[in-house]
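Student: Produce the entire structure from the sequences given, and follow the hints as far as they go.
Protein chains in written order, with our numbering: chain P, 1 to 604; chain D, 1001 to 1257.
Keep in mind the hints are simulated off the structure, nothing from the lab.
Where a beta carbon is used, it is the ideal one built from N, C-alpha and C, also for glycine.
You may find that some hints are simply not true.
What the hints assert, rightly or not - Ranges between beta-carbon positions, derived for each pair: (1) D:Gln1255 / P:Ala596: 21 to 27 Å; (2) D:Ser1126 / P:Trp189: 53 to 59 Å; (3) D:Ser1126 / P:Gly288: 23 to 29 Å; (4) P:Arg593 / D:Glu1139: 34 to 40 Å.
Unchecked claim - Footprint (simulated), chain P over chain D, 3 or more residues, beta carbon under 8 Å: (5) 1073–1084; (6) 1121–1133; (7) 1165–1172.
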Amino acid sequence: MSDVTMTPTSPSNGASNRTSPLQWVRVNLFSSVSNTIQTIVFTAITLGLLRALLGQAFSEEADWTSVSTNLRLLMIYNYPADQIIRIWVSAAVVLLAAGLSLGAWKVEPGYTVGRLGRHLVGLGLFSLVTRLLLPVHAPDTVRTWLIIIGVVSLVAGVVVQRGDPDGDRVMGFGTVLSGVALTFLAVLWLVPFGQYGLVDGVLVAESGTTVASSTKVPWTVLLIIVVASHRVGIILGRALGRSLRAALAAFWVVGPAFVIFVILRDPAFDWAHVWSTDIPIAAMFGLGGAAVLYFVAAPGKTEVARAVGAMLFAFALFNWVAAFFGWYPMLQKVRISFLIFAIVVLLVPAFAGDRSTRRRVAGGWVAAMVVFHWLLTAINTESTLVITAPPFLGGFVLTVGIAYYVMLASFPLGVLLSLARTSKLPIFRVMSTGYIEVIRGVPLITVLFFFSIMLPLFLPKGMGISDLAAVFAGYTVFSAAYMAENVRGGLQSVRRGQYEAADALGLTTVQRTSLIVLPQALRVSIPNLVGQAIAVFKETSLIAIVGGFDLLRIANSTIPNQPDFLGQKRPGLLFISLVYFVFAYSMSKSSQRLEARLKDAQAR
Amino acid sequence: MSIADQALTEDLASRDDMIVCTGVSKWFDDFQALKGVDVTVKDREVMVVLGPSGSGKSTLIRCINRLEVHQEGSIFVDGIELTNDTRNIERIRSEVGMVFQQFNLFPHLSVIDNVTLAPVWVRKKSKVEAEQKAIELLERVGIPEQAQKYPGQLSGGQQQRVAIARSLAMEPKIMLFDEPTSALDPEMIAEVLDVMKDLARGGMTMMVVTHEMGFAREVADRLVFMESGEVVEVGTPEHFFTNPREDRTKLFLSQIL
Chain P
1 MSDVTMTPTS PSNGASNRTS PLQWVRVNLF SSVSNTIQTI VFTAITLGLL RALLGQAFSE
61 EADWTSVSTN LRLLMIYNYP ADQIIRIWVS AAVVLLAAGL SLGAWKVEPG YTVGRLGRHL
121 VGLGLFSLVT RLLLPVHAPD TVRTWLIIIG VVSLVAGVVV QRGDPDGDRV MGFGTVLSGV
181 ALTFLAVLWL VPFGQYGLVD GVLVAESGTT VASSTKVPWT VLLIIVVASH RVGIILGRAL
241 GRSLRAALAA FWVVGPAFVI FVILRDPAFD WAHVWSTDIP IAAMFGLGGA AVLYFVAAPG
301 KTEVARAVGA MLFAFALFNW VAAFFGWYPM LQKVRISFLI FAIVVLLVPA FAGDRSTRRR
361 VAGGWVAAMV VFHWLLTAIN TESTLVITAP PFLGGFVLTV GIAYYVMLAS FPLGVLLSLA
421 RTSKLPIFRV MSTGYIEVIR GVPLITVLFF FSIMLPLFLP KGMGISDLAA VFAGYTVFSA
481 AYMAENVRGG LQSVRRGQYE AADALGLTTV QRTSLIVLPQ ALRVSIPNLV GQAIAVFKET
541 SLIAIVGGFD LLRIANSTIP NQPDFLGQKR PGLLFISLVY FVFAYSMSKS SQRLEARLKD
601 AQAR
Chain D
1001 MSIADQALTE DLASRDDMIV CTGVSKWFDD FQALKGVDVT VKDREVMVVL GPSGSGKSTL
1061 IRCINRLEVH QEGSIFVDGI ELTNDTRNIE RIRSEVGMVF QQFNLFPHLS VIDNVTLAPV
1121 WVRKKSKVEA EQKAIELLER VGIPEQAQKY PGQLSGGQQQ RVAIARSLAM EPKIMLFDEP
1181 TSALDPEMIA EVLDVMKDLA RGGMTMMVVT HEMGFAREVA DRLVFMESGE VVEVGTPEHF
1241 FTNPREDRTK LFLSQIL
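Tutor: Structure representation (structure tokens):
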């Protein structure tokens, strides 16, 4: 045995680099006595764990129909059944943008045919091992299917691997996407899971229809949309390049809000009020602001911009003080707009330029104001939906919605905090350090309670905050502190010479930070930022404690309280674990790819 | 003083002052890095600063574009005094180019973006105009074919030439070089020095900290020898290399030559 370790096993020349599976096993698993013992012990432990898990999943008491029946509940909670088309439209919009983005940015998975073969062989072996370890109570259909899947994937895997002996036939993303979509559709069309569904919170039998049959067609449409839009994205990306990517980036900032607040929430706009108040305010800020910005963004107007910005800033701050003491009434969104406008005017000299730059600045401002005011109006308008339980978002949609927007909002906040913490000005440094340390010293659940219960007491008179907004605000405040620390790590990795080179070229502090320091710092921070994003995604489960109906709450208390599934917790919890895992794992994988891609681009 | 020296001195005296340092002192905590330095650089003059390490020569030229802050004395650059006024600092920095020992290119930007960054954002030039100028400059430093690459893909000598092009893109009146060849492999030193010689012949006002004696002898109008934060001796190359006045200068030159 020990002789084997001495023989050179991987000759350096490429052709004979491939070892047969048997050789691989001998070299990696049984190369020496200790290696053999380790292999046997850890295999036994792994199999034992798998067996225990299967025992839980297929125990006598576990009723998986509790999950398959409640799929709709888990996905969208109490969303009105007659409005469900809104959910599908939302999904279609998001998937359309996702497909276009994947195409426009030419995301390539670098997945080879050889690797697909290996993965299929792995899946086949895993299915067969699982089949052997199944407890006695497992249904026969599961046994049969595991054998079918196992044998088919094994054979397919071996055949596929033959087709790519050198492991260098890369599959395009379109191919991979189509493959995944087809597999998903095949399962959906062939497996008739779910015997009935929930309608408006009441469990009803819908004879003849299954959960699968009612979602087959929409899912098929959605998957076709993804695959097709990926193709379109590639073609459009070639033709439009940067402008398409800019449009898509803008979509990912405001699109999901559009989906949540307009498609899903269906606000009942009071058009008289919209025309008399909302549109004039938006127009005033948008057009008036654009004119001012176009003027101060000219080269040489730095002094004017600073003076105007400072005055506006003082006025905006005064407005907030006035709001707090209730001195004079003013719409909240006017106050916010003033503050944003003041900050933009202060920042704009750093990015001043020729006429096309100024036009872009002015145009960007108008667009931002339109979106901003429209969004605020939509949020502040009552929903037309008749929902039995208060939250209009629930289940998986809530989890994803909250997680996405917390990440999106806490990221810029975190960047600002980290910059303040590394600033030369002591007032910024002390405030930001205080914020970060206080928040990091408090459990998330405390912050959420604070925001949902105590925040309304601190707000100015006449200003309310919905449960969902309170959770969002609290979670964002919490996550920003962690984001800030992650970005700070990146900031420290930027060498002093970079600051000096930027200074020596005459860049202002704002330019140096945004053009030189942050791009480098953020690149370094990607692994930590994605780690934080994954944490945000998983910890949305704490929303349950302050009243939200997210995946965890549904699996842990809603389903076990249904008369048909009293006490059925295990299948639901296993199922949502799987959902969380799939998403967290894909995020982690894509961050690794992003890192590799950025590294490639810089130092090839 | 030889006749040639005298002629040069008279010529220099008739030109405008570009950099005037008067009694410049600088402390790092307790350590005094500069002790009342007086140096004047004239228009279109190439001044080489010599001295052993730790003599304050890098600190001096870093004070000139305010990467370090001097505590006593005054520095005038092109008639503007360096004070805490940010506007003056930004103005001076955009007129003074600086080349660093470690290149300090921006690794996340391609070569062409490195060169166009400051003209676009500081000089407010249009992107197209800046790129044309950048290509011209890259041709001048001999690496137009590397425009789309990233700094990490270039050799040290190429990186330093990009750094020079990046500074020149701002059309500076003065160029400061802080040991531009010290971090380079020997075979790459010549290519960078060639670019610098070319610049000097073009009439650029330059202040160069270097250990390259050949360059100093060939290109410099005047040399400054510094030791422990003081200016020991100022003179023409001929004066320095044939008959230096001070013993400390003689000792340094005997060690280095």
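Student: Are the hints correct? Go through all of them and say.
Tutor: Results for each hint:
{"no.": "1", "hint": "D:Gln1255 / P:Ala596: 21 to 27 Å", "in the structure": "violated, 49 Å"}
{"no.": "2", "hint": "D:Ser1126 / P:Trp189: 53 to 59 Å", "in the structure": "holds, 57 Å"}
{"no.": "3", "hint": "D:Ser1126 / P:Gly288: 23 to 29 Å", "in the structure": "holds, 27 Å"}
{"no.": "4", "hint": "P:Arg593 / D:Glu1139: 34 to 40 Å", "in the structure": "holds, 37 Å"}
{"no.": "5", "hint": "1073–1084", "in the structure": "violated (count 0)"}
{"no.": "6", "hint": "1121–1133", "in the structure": "holds (count 5)"}
{"no.": "7", "hint": "1165–1172", "in the structure": "holds (count 3)"}
Checked against the numbered hints given earlier, the structure breaks hints 1 and 5 and satisfies all the rest.
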